[in-house]
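Just so we're aligned: 89 in full-length UniProt numbering is position 89 of the sequence shown, and the numbers increase by one with no gaps anywhere.
Simulated from the structure, these hints should not be mistaken for lab results. You may find that some hints are simply not true.
Beta-carbon label-pair distances, calculated as ranges [to be verified]:
1. E151 to A44: 17 to 25 angstroms
2. K123 to D3: 47 to 55 angstroms
3. K123 to L11: 40 to 48 angstroms
Result set (DSS-like, lysine-lysine): computed pairs, CA atoms no more than 27 angstroms apart in a straight line [unchecked claim]:
4. K63 to K35
5. K123 to K63
6. K128 to K63
7. K113 to K123
8. K150 to K172
9. K63 to K98
10. K150 to K63
11. K128 to K113
12. K123 to K150
13. K98 to K123
14. K63 to K113
15. K172 to K128
16. K113 to K98
17. K123 to K172
18. K128 to K150
In this text, a Cβ means the ideal position worked out from N, Cα and C, and glycines have one as well.
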Amino acid sequence: MADNRTMEELLQAPTEGYGEAIVILEINADHFEIKTNLLQLVQANPCHGFERENPHTHINNFKMITSTLEFRDVPNDVIKLMMFPYSLEGTARVWYDKEPPNSILTWEDLVNKFVNQFFPPSKTTHLKNEISRFTQRFEETFGEAWERFKEMLRACPHHGFTELAQIDTFHKGLNDND
Numbered sequence: 001m002a003d004n005r006t007m008e009e010l011l012q013a014p015t016e017g018y019g020e021a022i023v024i025l026e027i028n029a030d031h032f033e034i035k036t037n038l039l040q041l042v043q044a045n046p047c048h049g050f051e052r053e054n055p056h057t058h059i060n061n062f063k064m065i066t067s068t069l070e071f072r073d074v075p076n077d078v079i080k081l082m083m084f085p086y087s088l089e090g091t092a093r094v095w096y097d098k099e100p101p102n103s104i105l106t107w108e109d110l111v112n113k114f115v116n117q118f119f120p121p122s123k124t125t126h127l128k129n130e131i132s133r134f135t136q137r138f139e140e141t142f143g144e145a146w147e148r149f150k151e152m153l154r155a156c157p158h159h160g161f162t163e164l165a166q167i168d169t170f171h172k173g174l175n176d177n178d
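With these hints in hand, go ahead and build the complete structure from the sequences.
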């Protein structure tokens, strides 16, 4: 079969492949609309994909914002899926834009892909090692050491240490005078 396109048509840039990564199912609700001020609130707290950013913290903050929205006949997960791309900038947005079209079907899919991209296993291993090697700093009070230790645990919410192991690690890391 002959290709009857003109030279101009052959040289045009392709326009396919611009589908969204997130699949949003049809919403059967009357008068459903996401207000501009809510989008602005989401955009005011973006994730840039910086090394120092914690994707777990971003997800938790994002969920806190979107939990304030309730629409009859619209599941909150659908709202989160619709709004999440607006919470990304920089490297994080580039990551999202590179995801294949129709590759994210659920909120769980999105969280899993996002966290695994910006919190790789190597980071988990590093943070778990930091927790395991915790030591109280010179001239750091007991209270300051405890707060710093808790922050280390929060930085890696899937650390897997039991409460007993956490207390033991903290206790062993204290200076002799505490």
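Results for each hint:
no.: 1; hint: E151 to A44: 17 to 25 angstroms; verdict: holds, 24 angstroms
no.: 2; hint: K123 to D3: 47 to 55 angstroms; verdict: holds, 50 angstroms
no.: 3; hint: K123 to L11: 40 to 48 angstroms; verdict: holds, 45 angstroms
no.: 4; hint: K63 to K35; verdict: holds, 17 angstroms
no.: 5; hint: K123 to K63; verdict: holds, 23 angstroms
no.: 6; hint: K128 to K63; verdict: holds, 25 angstroms
no.: 7; hint: K113 to K123; verdict: holds, 15 angstroms
no.: 8; hint: K150 to K172; verdict: holds, 15 angstroms
no.: 9; hint: K63 to K98; verdict: holds, 23 angstroms
no.: 10; hint: K150 to K63; verdict: holds, 22 angstroms
no.: 11; hint: K128 to K113; verdict: holds, 21 angstroms
no.: 12; hint: K123 to K150; verdict: holds, 18 angstroms
no.: 13; hint: K98 to K123; verdict: holds, 22 angstroms
no.: 14; hint: K63 to K113; verdict: holds, 16 angstroms
no.: 15; hint: K172 to K128; verdict: holds, 16 angstroms
no.: 16; hint: K113 to K98; verdict: holds, 12 angstroms
no.: 17; hint: K123 to K172; verdict: holds, 24 angstroms
no.: 18; hint: K128 to K150; verdict: holds, 13 angstroms
Hint violations for this structure: none, all hints satisfied.
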